[in-house]
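**Q** Go ahead and model the full structure; you've got the sequences and the hints to work with.
Line by line, the protein sequences are chains A and B. Mapping to the numbering used here: the first sequence position 107 is 107, numbers consecutive. To convert a position in the second sequence, counted from 1, into the numbering used here, add 180.
Worth flagging that the hints you see were computed from the coordinates, not collected in a lab. Here a beta-carbon is modelled for each residue, glycine too, at the ideal position from N, C-alpha and C. Be a bit skeptical, because a hint or two may be false.
[Said to hold, decoys possible] Across the chosen pairs, the derived CB separations fall in these ranges: (1) R188/B - D120/A: 27 to 35 angstroms; (2) N185/B - S157/A: 13 to 21 angstroms; (3) G278/B - Q114/A: 48 to 56 angstroms.
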Amino acid sequence: MERDTETDLVRRGANGDRGAFRVLVEKHQRPLGAYARRMLSDPHLAEDVVQETFLRLWSQAARYDSGAARLTTWLHNIAHNLCIDSFRKRSRMSFTDDESRFEAAGASLEQEQQERQQGDRVSSALARLAERQRSAILLCHYQGLSNREAARVLDVSVDALESLLARGRRALKKELLGND
Amino acid sequence: MIDENRYREVLDCYGGDPARWPADVRAELLEFEARNQSVEALRREAQALDSMLDAYRPPVFDQSEAIMAALPSSLGERQLDWFVPASPVSLWRPLAAGAVPLLLGLAVGLSSSTEIVASGEAGVWEAQERVLLAPLGPASEGAWYD
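**A** Okay, structure coming up:
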């Protein structure tokens, strides 16, 4: 979808056009859900974050400036801040992942089990990173944001983002692959 | 200019997939790599971590219907959302919304009473009160308040 088209959908959404807004929801809700889920390690909190992100878009769409950022960056910024709020409300991280299931079409049960265990290890390792290192890795590795977009979401320079990424990946490498 | 240090830095930050490398240096990095076969091992190492990370694919469910159903429909609700953002896990929003008319009423009431006193209309109210309470007897006998 071209940025112009998306900007038009946002503008129509700001005027109460539900059909236009639904197109935006259907395009962005899964990537945002994945981000919130990996950030929070909790499916219910992640769903709350996604819902609230779109409520904010609905009520504040008129504030979106397409010249300043892509819509996905703007939405990630909102979702990121909501995740941080959610962290602050929780006394400690929950590492439970009881609804985890992995789509491995055609894979054997054993392979699925192995992937699930590996996913659980990664989830725990990510959860143990400093929050800003985790955010940087999620935005660049999983969400496909460019370095400038990720830096914008985190409100840091690209140099600072690279420092967060390098430290985060070093820690993950040590924990997951057993080397520095 | 890309040298081995910068190449290592990029792998350390963005991993071994060129699609994730900064777009403005991607072509130069690939050229550097083609000229320096010795850096292949570094790339493979970065890719090993990428593969581990890619194994973490938590399920994400379609929330479209729930999101659309939760959208406020009226202009008033949208304006309320602006001032009092909705939160699915708290009760304070409906309480805050309910308090808005109360606060408006208090504000109007306070400003009206101030206007009456300020404009010297207190005497008019007092006279009306005397007329209404006259059947109960004169105020000096204290009958009004027994």
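**Q** It remains to establish, for every hint, whether it holds in the given structure.
**A** Verification of the hints:
no., hint, result
1, R188/B - D120/A: 27 to 35 angstroms, "30 angstroms, holds"
2, N185/B - S157/A: 13 to 21 angstroms, "19 angstroms, holds"
3, G278/B - Q114/A: 48 to 56 angstroms, "54 angstroms, holds"
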